[in-house]
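Please construct the entire structure, taking both the sequences and the accompanying hints into account.
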Amino acid sequence: MSNPVLVMGSDFNRYILKNEEVDIDGNKQNFNCMFLNELLACKIGEYLNVPIPEPAIARIDRRLIDNSPVMRFTYRFKEGCYFASEELSEVENNLMENMSELMEMRKPYIVRSWNVFFDNIINKKDIAKILAFDILIGNFDRYTNEGNILISLSDKGRRIYAIDHGHAFWGPTWNQGKINHLNNDKLDQDYIIYFLNSILKINQGSLNGLGTIFRALESHVDLSNVNQHDFIEIVHNIESIDEEFLDDCFKEVPDSWFINKPTQIALYKKFILNQKNMIRHIIQELAKRGAFTNFRGGALEWKKEKQYGTA
Numbered sequence: 031m032s033n034p035v036l037v038m039g040s041d042f043n044r045y046i047l048k049n050e051e052v053d054i055d056g057n058k059q060n061f062n063c064m065f066l067n068e069l070l071a072c073k074i075g076e077y078l079n080v081p082i083p084e085p086a087i088a089r090i091d092r093r094l095i096d097n098s099p100v101m102r103f104t105y106r107f108k109e110g111c112y113f114a115s116e117e118l119s120e121v122e123n124n125l126m127e128n129m130s131e132l133m134e135m136r137k138p139y140i141v142r143s144w145n146v147f148f149d150n151i152i153n154k155k156d157i158a159k160i161l162a163f164d165i166l167i168g169n170f171d172r173y174t175n176e177g178n179i180l181i182s183l184s185d186k187g188r189r190i191y192a193i194d195h196g197h198a199f200w201g202p203t204w205n206q207g208k209i210n211h212l213n214n215d216k217l218d219q220d221y222i223i224y225f226l227n228s229i230l231k232i233n234q235g236s237l238n239g240l241g242t243i244f245r246a247l248e249s250h251v252d253l254s255n256v257n258q259h260d261f262i263e264i265v266h267n268i269e270s271i272d273e274e275f276l277d278d279c280f281k282e283v284p285d286s287w288f289i290n291k292p293t294q295i296a297l298y299k300k301f302i303l304n305q306k307n308m309i310r311h312i313i314q315e316l317a318k319r320g321a322f323t324n325f326r327g328g329a330l331e332w333k334k335e336k337q338y339g340t341a
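So for the sequence shown, the numbering used here puts the first residue at 31; every next one is plus one.
Because the hints were derived from the structure by calculation, they are not lab data.
Just so it is clear, the structure is predicted and the values come from calculations on it, not from any experiment.
Calculated lysine-lysine pairs in the BS3-like style (CA-CA distance at most 27 Å, straight line):
#: 1; residue 1: 231; residue 2: 208
#: 2; residue 1: 73; residue 2: 208
#: 3; residue 1: 186; residue 2: 154
#: 4; residue 1: 231; residue 2: 216
What follows is a set of in silico ranges between Cβ atoms, one per label pair, in the way DEER data are often shown:
#: 5; residue 1: 324; residue 2: 116; range: 25 to 35 Å
#: 6; residue 1: 319; residue 2: 210; range: 18 to 28 Å
#: 7; residue 1: 210; residue 2: 315; range: 17 to 27 Å
#: 8; residue 1: 77; residue 2: 187; range: 18 to 28 Å
#: 9; residue 1: 323; residue 2: 153; range: 15 to 25 Å
#: 10; residue 1: 213; residue 2: 334; range: 28 to 38 Å
C-beta atoms are modelled at their ideal positions from N, C-alpha and C, and glycine is treated no differently.
Written out as structure tokens, the structure reads:
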């Protein structure tokens, strides 16, 4: 696990600090694209008005490391730049004892519990934004990791937030498999099927949508009217993303977070600018496969597609 740690920033706000050096079943790994994935996803999410905690670039200096053995030895932090996100206030969660075992047993009351958990949030219309956003950035593990959705309490009510995008864009590690996926030129029905099968593979092949969390979320997405459904605006906004906007996003990424900066920027841009034009088709295929309980059939209508340049 990445073992995020809660820290106090120089602005006196509290942040969740992450580390690319992770421990998986006793094996140390370097998720060398995790910070890049996180910050890029947050910048795109901000543009799309997806509810995401405020991101930050945390600079840890030598004095902090020298004076904090816990940071150095327990959490393995070193001097440098790290990705952090502002702590949400009054966070709820829906975790239960032995949650993973119960989900594997497909106990029906688990699904009902998650449905109730999301039932009285004040920003239900943001759920469609989160689902479309995940398709855009290739964030496959949202719906098996119940910790990737949070509810924060405020004076106005309960609000849903999407967190943890380090595994987006085909994974947290810069390797040939990730490169091949980002560099894909085949944007047709075969790609749509491959993309959906990749989601199902990550989510243990669930034939009933994309998993327990997805099922609880999608029940709040209205597709009953194909001419006026909940995905229309977010998909239109996704399709408005252009190369200039992405260039501005990459300018905010510290150089130390890149392995090969020119190549990574070019391939990330290529993937996003291609993927944005596939969103409506992927959503239609998901609906056709029965992923949305409020879908009654037919071809979903969309706003007129704009043409933008590609990388």
